Amino acid sequence: MPSRVPSLRMLRSFFTDGSLDSLGTSEDARSKRHSTSDLSDVPFSAVRKEGWLHCKQILTKKGKAEDREDMLAWIKVIRENSKAEGEDPGFASQALINKKLNDYRKVSPAGTKPDSSPKGPRGLGIRAEFLKQTGTSAPRSPRQDAAVTKDESSSQKAPWGINIMKKNKKSAPRAFGVRLEECQPAPDNKNVPLIVEACCKVVEDRGLEYMGIYRVPGNNAVVSSLQEQLNKGATEINLQDERWQDLNVISSLLKSFFRKLPEPLFTDDKYNDFIEANRIEDASERMRTLRKLIRDLPGHYYETLKFLVGHLKTIADHSEKNKMEPRNLALVFGPTLVRTSEDNMTDMVTHMPDRYKIVETLIQHSDWFFSDKEDKGEKVSAVPS
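Each residue of the sequence shown is one higher than the one before, counting from 1 in the UniProt record's numbering.
By construction, these hints were calculated from the structure, which means they are not laboratory data. Given the structure is predicted, the values throughout are model-derived calculations rather than measurements. Treat each hint with caution, since some may be false.
As the list claims (entries may be wrong) - Think about it this way: if two alpha-carbon atoms lie no more than 30 Å apart in a straight line, the pair counts; the simulated DSSO-like pairs of lysine-lysine are: (1) K260 <-> K270; (2) K255 <-> K357; (3) K323 <-> K255; (4) K201 <-> K357; (5) K255 <-> K313; (6) K357 <-> K270; (7) K321 <-> K270; (8) K201 <-> K292; (9) K313 <-> K190; (10) K292 <-> K255.
Stated by the list, open to error - FRET-style restraints, in silico, Cβ to Cβ: (11) M348 <-> W368: 25 to 31 Å; (12) T346 <-> R288: 25 to 31 Å; (13) R295 <-> R259: 33 to 39 Å; (14) E285 <-> G212: 35 to 41 Å; (15) R206 <-> G299: 42 to 48 Å.
For glycine and all other residues, C-beta sits at the position ideal for the given N, C-alpha and C.
Let the hints inform the model, and build the full structure from the sequences given.
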């Protein structure tokens, strides 16, 4: 291999100026009639021996490619020279491509095909084949480049695991107007909503002796503000917030939570069963039937009802101070807990005494209704009278 051969940049400077006069008369004697295809057989040693100017003259003396094969041979020589020089084949090839194609079109007679030789796939012309051999592509506009970049970026999908995580990623649970199983759970009991546990804790810590607890309504604006904050998916509740210091606001917030449940605590499908059970004349049978219905509630509903009734029992145990006996608490919570999702006026009127009585009975005998002795295989105590 020669230590150095002419670079593609030298070829470009020569072909693009289009001047033959610069060759000088001293080279005319050495020039011969060659086609560009002759250069495909010229080794680099001959180029070194005869001189690059001589070979350049061979390429440009005619200035035109005679046919298709002549054009492709010229491409091959340019490519080999650019590779030997260590340059990128596409560095300056586009200017040469355009020049040679223009020259080739000028020579080809109008209305005739430039070559009758067999061709590749339909639609593959000299330009496409030229670009294919040189390893370059046709120039594109910025708009085309942007479209290609967009397609490539969209085709490069993220790893499977990341896509799954994104699809499965859920927003933080709301607190109001959603089913119990969709609420943010309490840290100590996953089947009890966080909002229920927080409200009961505040009332038990500061309101056991507060007269009229749960009967006196809180400020509606403050209650709505807390509802909005909790519905944004708060995973923790700041009990030091000033709004959590008002017991009437917190008691109203708890009642509002159960009032807005889309599936009531006693569930739609068991509502009529509870009403009928409460009307059983035999007291023992009535209690056993109510207990069975309670035990058949779905997990979240049973655990939440058990937690709430236990809290109301604690309030009732301090009725000497707060004046909220089981009967008074039942008047407050009965219509809110024992209802249907589509409550109507007829049911409210005809079933109201039953609603009060069911909640009052649960508070009075909470230990018996929610005893876990049966789950442990122990004998359940006698039905309370």
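Taking the hints in turn, this is what the structure says about them:
1. Proximity of K260 to K270 is assessed by CA-CA distance (about 18 Å); at most 30 Å being required, the pair is judged to hold.
2. This hinted pair checks out: K255 and K357 have alpha carbons roughly 18 Å apart, not beyond 30 Å.
3. For the hint linking K323 to K255, the alpha-carbon distance of about 18 Å falls within 30 Å, and the restraint holds.
4. The suggested pairing of K201 with K357 holds, with an alpha-carbon distance near 26 Å, which does not exceed 30 Å.
5. As the CA atoms of K255 and K313 are separated by approximately 16 Å, the hinted pair is consistent with the 30 Å bound.
6. Restraint check for K357 and K270: the C-alpha separation of about 16 Å stays at or below 30 Å, so the hint holds.
7. Note on K321 and K270: the hinted pairing is violated, with a Cα-Cα distance of about 36 Å set against a maximum of 30 Å.
8. At roughly 29 Å between alpha-carbon atoms, K201 and K292 fall within 30 Å of each other, so this suggested pair holds.
9. A hinted pair counts as satisfied when its Cα atoms are at most 30 Å apart, and K313 with K190 qualifies at roughly 22 Å.
10. Distance restraint check for K292 and K255: the Cα-Cα separation of roughly 26 Å lies within the 30 Å cut-off, and the hinted pair is therefore satisfied.
11. Taken as a hint, the range 25 to 31 Å holds for the pair M348 and W368, whose Cβ atoms sit roughly 29 Å apart.
12. For the hinted restraint 25 to 31 Å between T346 and R288, the CB-CB distance of approximately 29 Å keeps it satisfied.
13. For the hinted restraint 33 to 39 Å between R295 and R259, the CB-CB distance of approximately 25 Å leaves it violated.
14. At roughly 36 Å, the beta-carbon separation of E285 and G212 lies within the given 35 to 41 Å, and the hint holds.
15. Remark: the range hint 42 to 48 Å for R206 to G299 is contradicted by a beta-carbon distance near 31 Å.
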